[in-house]
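Chemist: The primary structure of each chain is shown beneath.
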Amino acid sequence: MIWEADPATLIVLALLVGGYAAFALALKRWPTVIQLIAFSGAILAIVGALTGPVDELVKQRSFALYIFQQLVLVFIAPPLILAGTPDWMARPVLTHRLIEPLARFLTRPLVAYILFGAAFALVHFPPVCDRVCHVHPVYGDVDTVLLLVGLILWFPLLSPLPEYPRLSYPMQVMYIFLLMIPMTAVAAPITMAQSVVYIYYVEGPHPFGLSPMADQVLGGIIMWVGQGVYLMFVFSAIFFRWARREDETPPFNRRPVPLRPLPRQRSHAI
Amino acid sequence: MAAQPRPIHAEQTSYLEGGGIYGWLTTIDHKRIAVLYGVTAVFFMALGGFEAMAVRTQLMYPNNHFLSAQTYNQFFTTHGLTMIFLVIMPLETGFFGNFLIPLQIGARDVAFPRLNALSYWIFLFGAITLNLGWLYGGLPNGGWFGYANLTERYYSPGPNIDFFDLGLLVLGVSSVMSALNFFVTIINMRAPGMTFFRMPLFIWSILVTVILILLAFPSLTVGLIFLFMDRYFDTHYYRVIAGATPILWQHLFWIFGHPEVYIMILPAFGLISEVIPVFSGKPLFGYPMMVYAIIAIAFLSYGVWGHHMFATGMGPVADMTFSVTSLLIAIPTGIKIFNWLFTVWGGRLRFTTAYLFALAFVIQFTIGGLSGMMHASPPIDLEQTDSYIIVAHFHYVLGLGALFAILAGFYFYWPKVTGRMLSETLGKWHFWLAVWSFNATFFPMHFLGELGMPRRIYTYAPHMGWDFWNKWETWNAYIIALSFIPLLLNIYWSLTNGERATEDPWDARTLEWSVPTPPPIYNFAEVPTVTARDAFWVAKYGSVEASGLTQSAPAIAPALVDVSKIHIPAPSLYPLLMGLGIFGMALGMLIGWYRVIFTAMALLVFSAIAMAFEYPNWGEENPHAVAESFLGLDSRKVGMWSFIGSETVFFACLISTYMVYKSRSLGVYDAGILNIPLTSFSTFVLLTSSLLMVLALAAFQRDDHKWGTIWLIGTALFGCIFLGGQVYEFGDFWLEHGMVFNANLFSQCFYTLVGFHGFHVFIGVVWLLVMAFAGIFGKLNAKRSLAVEICGLYWHFVDIVWVVIFVLVYLMRTVKGA
Amino acid sequence: MSESAVEHVTAPAHHAAAESHHPTAVQYLVVAGILTVLTVCEIGVYYIPALQSVLVPLLLILSAGKFYLVAAYYMHLHFDSRIFSGLFFFPLTLAALILISLTLLLGFLAHHPGP
Amino acid sequence: MTMPFRLNRCRIATWSGLTLLLLSVVGCAPPPGTHYRLDTLSPRSALTQRFYDIFVEVTVIDIIVLIIVVAIFVLALMVFSTRTGEPTEFSWRTDVFLETAWIVIPMILVIAIAIPTVKTIIETQPYTWSPDTLEVRVIAHQWWWEFRYPSTGVVTADEVHIPVNRQINFAMVSRDVIHSFFMPALGGKRDVVPGQENHITLTANTPGEYWGQCTEFCGDSHANMRFRVFVDTPEQFDAWTKHQLSAPVHPTEGLAAEGAKIFADAPCAVCHTVRGISGLSPQYTYGFRGPDLTHFGSRGTIAGAIMDNTPENLALWIHNPDAVKPGANMPTLGLSGHDLNALVAYLESLK
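Protein chains in written order, with this note's numbering: chain A, 1 to 270; chain B, 1001 to 1818; chain C, 2001 to 2115; chain D, 3001 to 3351.
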């Protein structure tokens, strides 16, 4: 079997890997092992999901796998890329005079959230999806958009730069919770629809011997359950980091006065 | 909040002393309010218990005639309502919550003491409303979840369901108020150093509980308002004939109802997590995990309401979703049970009565939780729902769960509340009788359920396999009643002859045990600084993990503060009067005597305004409030935002009903009638009013009270114009087009949604005018600009709701719904 | 990955500082102008027949913008402690989820009417 | 302050726990060979067999979990209650391994339950039925059941006949409030909602008589709303259908004939249909106010299957319906003595 890939995907991959390597070479610094692992994880995830057999099945109208690709692009690859980016690599870009104002605006949590929500909902809005995603032969552009909004989405949680502070832990939890709106708003109608929503998927047999309807329900469930479980894990991870951190931190901002309970005597005529 | 200087008499050491009856009626001390809640709840527990005994007696034999069908239906309904709303909730959040929150977080009182008293009085009058049927017309008889359309006037012509409807509405108001209060207290009034992960687990559980109350009750309120309208104004919210569906009630009810289940069980978890570590002599095992589990349970509880409705035919996708989310709850619940077990493991156990109740809770709750796993799976649920196995399940989690936790907490905290010890011997009698009788009564209900006995049947045929167990259960139910006799004896003995309790009789771990017993009215002479979880234990023994055998430091040092300098808020009669006003309104509605309604409303408004002006320096009651608060935020602002959050859910329920019913509506009227040009004009008016509001705030912040007042009046004026537009619009529809309120689904949903928004605008205008008067009389300045800001938040919220309504209702009027 | 990025935001001490800052009257006027423009757009979109097919997303985006502006500037969430944003957006999320699920659940039933 | 703990207390706890477990074993299993009328543990259709299998799986899981919890609990109490006064050796605040274990184990159990659940949900809630499927329309009333067979036109009440080994589609709708159609042996339960059509699709595999009951609280006489399902062989079913379709015999003389006149003159005919004598069916889109009495005499029970169909019971019921079934919609007609006997005789003659 020939491992095929879409040109657009290859371009994105090349840009990512090339950029990473170029920065490392130019700045003559070496990312840590963990960063390298995270970054290669991201690349592997993209390669696995967007090229080869998976992509082949998507082109044969497997809606479920198409949803899986999207989840990888917005939920798996961006956090790994951010985790794999050292601060010295991000700094020259994000503190650049021309880029900084835009970057500051885009990485404001609410802006990032709305941008992601809007993009994600729009990509799945049937008229848009049918016109852009499928009639148009290039998939790569939609994928790139998803990867980009994914990166922006995760930035407030995983910012590699102290200059771009991360959200506080409680706010991170809130942010994750907020994410359920676009995800549910997109996934629930697809799953519960009474007919096939996207014209592109009405036709023909789908891979794995699924009927178009069954494929759609499966895809909807993958998105719904998949994001639910995934976000639950992210929420748990954030929560326990928060717990551990508060557990270890001494009281801030106050004199460490030892607890002094009241006297045993009943008299208060002091 | 309020802190008017009031001298504290040096001899007044206990919150229980002084004041007489009037003192109790006007009290705003959280500990006294707790006691009031406790006493009320115990009274209703006796009443609910009596109903349960009557119900059990009727079921003793097949074809029994002890109760008539009608009485039986009233008794089982009221038993459920009483135990849920008038016993477990007030005991857990009302009694333990009120008493313990300030003491455990190191505060002198709750954030809004008068609101606290108001919550109690409204609760009391709501409870009376719910039980008015004893005097007239019969108790509620539709089951505690009162499924529509059985509750419609046509099928339930008597006042029974009216008591249910109005009683729950009033109780809902009380619950939301106290939840708001506790939320702000816990968020903002913690002692210095008490970070989230140093809070006792009971505080965590109450925090999550009150969030659930704030965000779940609005849904019930909306459902009850619809029911009220159906019964009084002949609308069709649950009437099939108009295209509506009675299933809407089930959704609205269970969106509230499932979180409600956790509202009842989470504080129980909290109490157990306080009792078990103390008597195991160990810190709570896996504290972060326990907190996580509470949050996860609460979070999941919003996504599982459908598991009460598997039999209603929601379709396979909804069934699957709700089934899987419900099953997931098993994971955090398992975490909790094992963490309790491992807190016991390796401890130095002291088997006091409180500990025994807590241990029994763990096992019994496990049984209840495990049968819950069955009902989460629709294939099993379709055999078991509405059968006695469900009765067994919720009595295991609430009766043998929450009630046992309450009893554990009762034995644990009685010395702190009253200053006297209970008899351990009588306590053990109580425990063993209770464990035997509760289990023997409720465990066989599993078998009855398996043998197909439906719940809520007043009679049954012989030879169904049910005869023996029903007789067995009834006899054991009598033992349950008997088991409370040692408790009553114990209370009597303790209050008359009981040994005086010391500050720390159990060698406990948290801050409430560091204050004198019973606590003084001001709680803490000196507000403690917290450096670790289990703060009091650390103060006594040096570290959380210390074995507790040798004190590392002298735990008790003399207080260095002059307690007469402590400011505590003065008592107030207005909460009671406001409660009476609300009661009068409900009563007037019931007897249909509008003069009573208006008199009561006048009393309500009068007391509200009088209460607002009770403190002469309103607006800056406590200049140090912000500096002393935990987050550096003003409690009133936190409270306003929390209230707005709660309102959001209220409007979401109204809007979704509109969206759903718009497309199901029959008859001539539809959204085509809406007047876009007029509403566009109103939209601009409301947006402009918001601009004036922020300008007013900016002016007051500059200390420019002249322009501030002008802008405030302008805002109110624009609000009035908006209201005028709405009145014109409604009048036009009503008089010109003949679209009366209950013409069809569209008309009633439209009038209700837009009308409720208009009502909010009206409240806002009144508030603005009050602020404007304060401005005219020079009461507002830069320091007090927060009062304007809070009023503004409300006003902008009303604006934001209109932004949504304008688009969803007006501009999308031609779009097909759902 | 630097832990310091997190540390300097999580210390609750910064909340107190966030309290006082409020926008000026000019900023308020600018916001009011944008709000007016957005509302005009909404009404315009409603009346333009060519846009009827994308009416729903367009209106939703426009109203979301208005919603954000009022919440962020008039209710000064943009300037206040983030805690207030949490207190507002958490229930808002829940409300949105309830809205979505209720319309779906009851809308679904509409396809299976009784006789 | 410390209460020394005596071990015998611990034994009491253990023994009461074990007693309860024993009771559960005794109580759960009906004596061999017995099949109680509403027993949910005797599946007699492929549908309830699936329900039962999942039930058994979950019960086994539940019991194992309970045993583990109780074991740890009892062990902890027994071992550590003797340690009073000694310093603690374990003072864990947390343990990552243990915590992970009790996240992962419940998760596995949840998945083990979720998979058959989801599978069953998908496979037992069809949207479409084959032409061979027999449709039975169930119409719930306060407080009785009406059954209609659209394919043959048979109308009956409180007793429904279905052929064995043939797929049956119970299409259910309520005439007034929400009820629930519960046949434990054959189809579990499903709410019967006004304005919404719900379905139970099942294939019964054993001929016999089965009981059912309304299980959603529906007003005063919720307890008095039972029904019976007869699973017939195909021949019996055809014979029954044929009999139901036959015209009722009109008595021409004797008490029964007098009764027929009373029936037609008294308000009975306003609500009840006897084909050929009375009936207002076209006015009602679904369901009458009262049961169809065309073949009343052939039914075994009356008044929502709460009484056997004997002349004495029938007389009792007609004489004072409210005493038999509180809140019943059937009015008290004030009939007594001879008239009542005549009416009863007539109704019983409608075989």
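Quick caveat, the hints were computed from the structure, so don't treat them as lab data. Possibly wrong hints are sitting among the right ones.
As the list claims (entries may be wrong) - In silico SDA-like links for lysine to any residue, alpha-carbon gap of 25 Å or less:
{"hint": "1", "chain 1": "D", "residue 1": "Lys3119", "chain 2": "A", "residue 2": "Val225"}
{"hint": "2", "chain 1": "B", "residue 1": "Lys1428", "chain 2": "B", "residue 2": "His1463"}
{"hint": "3", "chain 1": "B", "residue 1": "Lys1428", "chain 2": "B", "residue 2": "Thr1502"}
{"hint": "4", "chain 1": "D", "residue 1": "Lys3119", "chain 2": "A", "residue 2": "Leu16"}
{"hint": "5", "chain 1": "B", "residue 1": "Lys1471", "chain 2": "D", "residue 2": "Trp3211"}
{"hint": "6", "chain 1": "D", "residue 1": "Lys3261", "chain 2": "D", "residue 2": "Arg3228"}
{"hint": "7", "chain 1": "D", "residue 1": "Lys3242", "chain 2": "D", "residue 2": "Arg3166"}
{"hint": "8", "chain 1": "D", "residue 1": "Lys3242", "chain 2": "D", "residue 2": "Ala3345"}
{"hint": "9", "chain 1": "B", "residue 1": "Lys1428", "chain 2": "D", "residue 2": "Ala3071"}
{"hint": "10", "chain 1": "B", "residue 1": "Lys1706", "chain 2": "C", "residue 2": "Val2030"}
{"hint": "11", "chain 1": "D", "residue 1": "Lys3119", "chain 2": "A", "residue 2": "Leu98"}
{"hint": "12", "chain 1": "D", "residue 1": "Lys3119", "chain 2": "A", "residue 2": "Arg97"}
{"hint": "13", "chain 1": "D", "residue 1": "Lys3119", "chain 2": "B", "residue 2": "Ser1483"}
{"hint": "14", "chain 1": "D", "residue 1": "Lys3119", "chain 2": "A", "residue 2": "Met192"}
{"hint": "15", "chain 1": "B", "residue 1": "Lys1779", "chain 2": "C", "residue 2": "His2076"}
{"hint": "16", "chain 1": "D", "residue 1": "Lys3119", "chain 2": "D", "residue 2": "Ala3071"}
{"hint": "17", "chain 1": "B", "residue 1": "Lys1428", "chain 2": "D", "residue 2": "Ile3072"}
To be verified - So, partial list: chain A residues that the calculated Cβ filter (under 10 Å) puts toward chain B:
{"hint": "18", "residue": "Tyr113"}
{"hint": "19", "residue": "Pro170"}
{"hint": "20", "residue": "Thr191"}
{"hint": "21", "residue": "Gly220"}
{"hint": "22", "residue": "Ile221"}
{"hint": "23", "residue": "Ile222"}
{"hint": "24", "residue": "Val225"}
{"hint": "25", "residue": "Gly228"}
{"hint": "26", "residue": "Tyr230"}
{"hint": "27", "residue": "Phe235"}
{"hint": "28", "residue": "Ser236"}
{"hint": "29", "residue": "Phe239"}
{"hint": "30", "residue": "Trp242"}
Only a predicted model underlies this, so the values are computations on that prediction, with no experimental measurement involved. For every residue, glycine included, the Cβ atom is placed at its ideal position computed from N, Cα and C.
Chemist: Each hint should be assessed against the structure and marked as holding or not.
Modeler: Hint check:
no., hint, in the structure
1, D:Lys3119 / A:Val225, "16 Å, holds"
2, B:Lys1428 / B:His1463, "39 Å, violated"
3, B:Lys1428 / B:Thr1502, "22 Å, holds"
4, D:Lys3119 / A:Leu16, "42 Å, violated"
5, B:Lys1471 / D:Trp3211, "23 Å, holds"
6, D:Lys3261 / D:Arg3228, "31 Å, violated"
7, D:Lys3242 / D:Arg3166, "18 Å, holds"
8, D:Lys3242 / D:Ala3345, "24 Å, holds"
9, B:Lys1428 / D:Ala3071, "23 Å, holds"
10, B:Lys1706 / C:Val2030, "23 Å, holds"
11, D:Lys3119 / A:Leu98, "56 Å, violated"
12, D:Lys3119 / A:Arg97, "58 Å, violated"
13, D:Lys3119 / B:Ser1483, "47 Å, violated"
14, D:Lys3119 / A:Met192, "17 Å, holds"
15, B:Lys1779 / C:His2076, "24 Å, holds"
16, D:Lys3119 / D:Ala3071, "34 Å, violated"
17, B:Lys1428 / D:Ile3072, "23 Å, holds"
18, Tyr113, "17 Å, violated"
19, Pro170, "8 Å, holds"
20, Thr191, "6 Å, holds"
21, Gly220, "8 Å, holds"
22, Ile221, "8 Å, holds"
23, Ile222, "13 Å, violated"
24, Val225, "7 Å, holds"
25, Gly228, "8 Å, holds"
26, Tyr230, "14 Å, violated"
27, Phe235, "8 Å, holds"
28, Ser236, "7 Å, holds"
29, Phe239, "6 Å, holds"
30, Trp242, "8 Å, holds"
In terms of the numbered hints stated before, the structure departs from hints 2, 4, 6, 11, 12, 13, 16, 18, 23 and 26, listed from lowest to highest.
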